Amino acid sequence: METKRSNKKIKLNNDPVQKKLDFYFISPKPSNQLAVIEEQNDKKEKLDQEHSPLSPTPTSTSTTTATPISNSSMSDVSPNEGNEKQESFYESSMYTDEFNSMLATVLDGEQFLFTPTELKVFHTYQYEINGDAKHLYVRLWMRKKRRWIRIDKLKANNKHVRDLKAAAQQLREHGLTSKHEIPIEDALELLSVDELKQIAPCRAANRAEYITTIRTQCNTSEIRRRVGYCILLDEHIHGLFHRVHLVYYRLTVLEEENPMTAAILARISRRNYPDYVTCRTTTVWTSRDDLLAYEQALKVELQFEEQNLKAKIDHDQDLLLTCWELCENHIGLWEDMLKERHNKDDYSSQGSFFSRRPYSMRQFEACRVYTRLLDHGTQVLAKLHEYDLEAIMLRKLLAQKVYRLAKRGCWYDRLALVQSKKQDRKAKKEALATCIKGIQDPTVHSIDLHRLHRRIHRLERDLAIPKREQLDFSYLQLRKPQERIIYGERISESVSGFKSIWRADDGAECSVEALSLDYYKKQGYTQGYHTEGGMISMLFILLFWDIVFAPMDGVFETSYQSAPLDMGSDAFYAGNKSQGCV
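So the sequence shown is residues 1 to 582, counted in this note's numbering.
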């Protein structure tokens with residue numbers, strides 16, 4: 001039995017680096033945590049160079065080793081300050097090196113996914129701007145949000161850009177940043193409270209009142225003078241490089257995190273990845289239109305997940321309606337994509353490209369993302385008690401046999417449950433027919449078959465079907481597990497959606513898992529964990545290591561993967577089965 005420690009919380013991830021990254025991801029300065037790691041490495045390299053009998057040699061920008069350069073040519077250092085310690089800068093940066101590697105890799109085999117105008121932007125970045133401008137652009141691009149930034153606020157922890165303003169001006173001249181002046185509203189948001197007090201003609205109670213007063217009574221030139229030189233990445237180019245990032249890392253979901261965290265941690269040996277054969281596939285997206293449709297589908301899904309999360313936290317029915325409306329608006333597009341996909345499959349019977357395309361590649365198609373979206377939409381309909389509409393959507397999902405095949409068993413079972421909610425005999429017969437259709441579907445998993453068998457028995461009992469006419473599944477019955485009953489004192493009331501609270505032997509409050517651990521400790525067990533299947537998953541990976549990391553097309557696209565790209569989806573089993581691994 002998997003158990004959990006009783007007196008303290010157990011986290012699945014105890015990696016100290018990951019703990020630091022958790023702090024980094026919620027930091028208002030997205031480059032903060034990784035910058036600290038890089039700064040520590042820079043200090044170590046400086047000490048090594050100071051004690052080395054050999055003088056440091058300059059390194060090219062393609063390496064990750066940072067070489068310090070004295071900033072004696074900076075205009076803000078006066079001749080009288082010669083005795084002071086001069087600031088050092090570094091030619092290369094892990095972030096810029098990884099960014100450059102990402103761009104070069106994508107352009108090497110998937111250049112056809114971009115227009116000539118976009119390729120010109122890439123050429124501008126690669127060959128027309130200097131190293132300082134590249135470092136500055138990558139630093140701004142890696143931030144979580146695209147917004148106006150004050151140049152004077154970038155000086156802290158700056159180890160790679162000798163002249164921030166000159167680099168910013170070069171980016172502006174080449175069109176990589178906005179050429180417009182910062183709007184007054186945005187400029188006021190960048191000013192601190194102390195700066196607002198210096199501009200405001202009178203005192204105010206809070207920041208909002210200061211901004212209101214300054215907006216109506218102060219000169220805009222004074223506001224711009226206070227905020228100084230500001231920079232904002234061009235919106236189109238900013239999104240273009242994120243598209244490159246999507247192509248390079250083969251993203252299946254959009255996440256709010258540093259785009260290159262995995263690569264940076266691997267470069268500094270803070271995270272290790274298994275040894276496997278990396279093989280870039282240039283046919284993941286067969287055309288630019290396929291890539292754009294896939295990217296848009298991921299954005300829609302991200303919007304749905306954000307709204308759905310808010311609805312769960314706030315228990316807001318209106319937000320659930322908003323989530324379903326988002327799904328409903330894309331049903332027509334999804335159906336059109338399915339028709340187009342079926343046409344391709346019909347054509348593939350003649351030996352075209354799609355007949356050779358692995359099943360795992362379907363996860364990079366926009367239609368699969370929309371299928372996943374509508375699947376989640378049915379769960380929203382269940383919460384809204386829109387069972388008739390949910391049944392319609394489940395039938396639509398079952399009508400297609402291209403995407404998310406592993407979910408078909410769940411869809412059959414849920415549809416049968418929705419149909420059986422009506423107490424009339426006709427509805428229960430429909431539910432029974434749905435279950436029988438489900439067990440005849442060859443794509444339904446054995447776990448789902450067991451669930452359908454039990455539902456069939458219940459429906460046959462409700463319909464009073466004679467024993468001789470009932471379906472016999474005795475040859476498929478699973479062995480019953482051994483049951484152990486543990487008694488304890490429950491403190492909390494039985495409330496749906498909240499964990500129960502129990503009393504431990506020492507009188508303290510504990511969870512039901514901790515209560516179970518105490519029971520097994522009394523039986524002589526020294527230690528136990530409650531891992532929710534994590535330990536079984538670990539054993540599975542260790543025992544099936546050769547199969548999991550077997551070389552296959554389209555599953556090991558980068559060097560920074562802890563698992564195949566199809567791991568955790570129905571494509572993993574289907575892909576390995578087609579290769580004869582299982």
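There may be inaccurate statements among the hints.
[To be verified] 27 Å max Cα-Cα, derived BS3-like pairs, lysine-lysine:
#	residue 1	residue 2
1	K339	K437
2	K437	K407
3	K120	K155
4	K312	K144
Think of the hints as simulated: they come from the structure by calculation, not from any bench. Bear in mind the structure is a predicted one, so any value in this text is a computation, not a measurement.
Evaluated hints:
1. Pair hint K339 plus K437 holds up; C-alpha atoms about 23 Å apart against a cutoff of 27 Å.
2. For the hint linking K437 to K407, the alpha-carbon distance of about 15 Å falls within 27 Å, and the restraint holds.
3. Between K120 and K155 the alpha-carbon distance is near 30 Å, which puts this suggested pair outside the 27 Å criterion.
4. For the given pair, K312 sits about 24 Å from K144 by alpha-carbon distance, which is consistent with the 27 Å threshold.
Violated hints amount to a single one, hint 3; each of the other numbered hints is respected by the structure.
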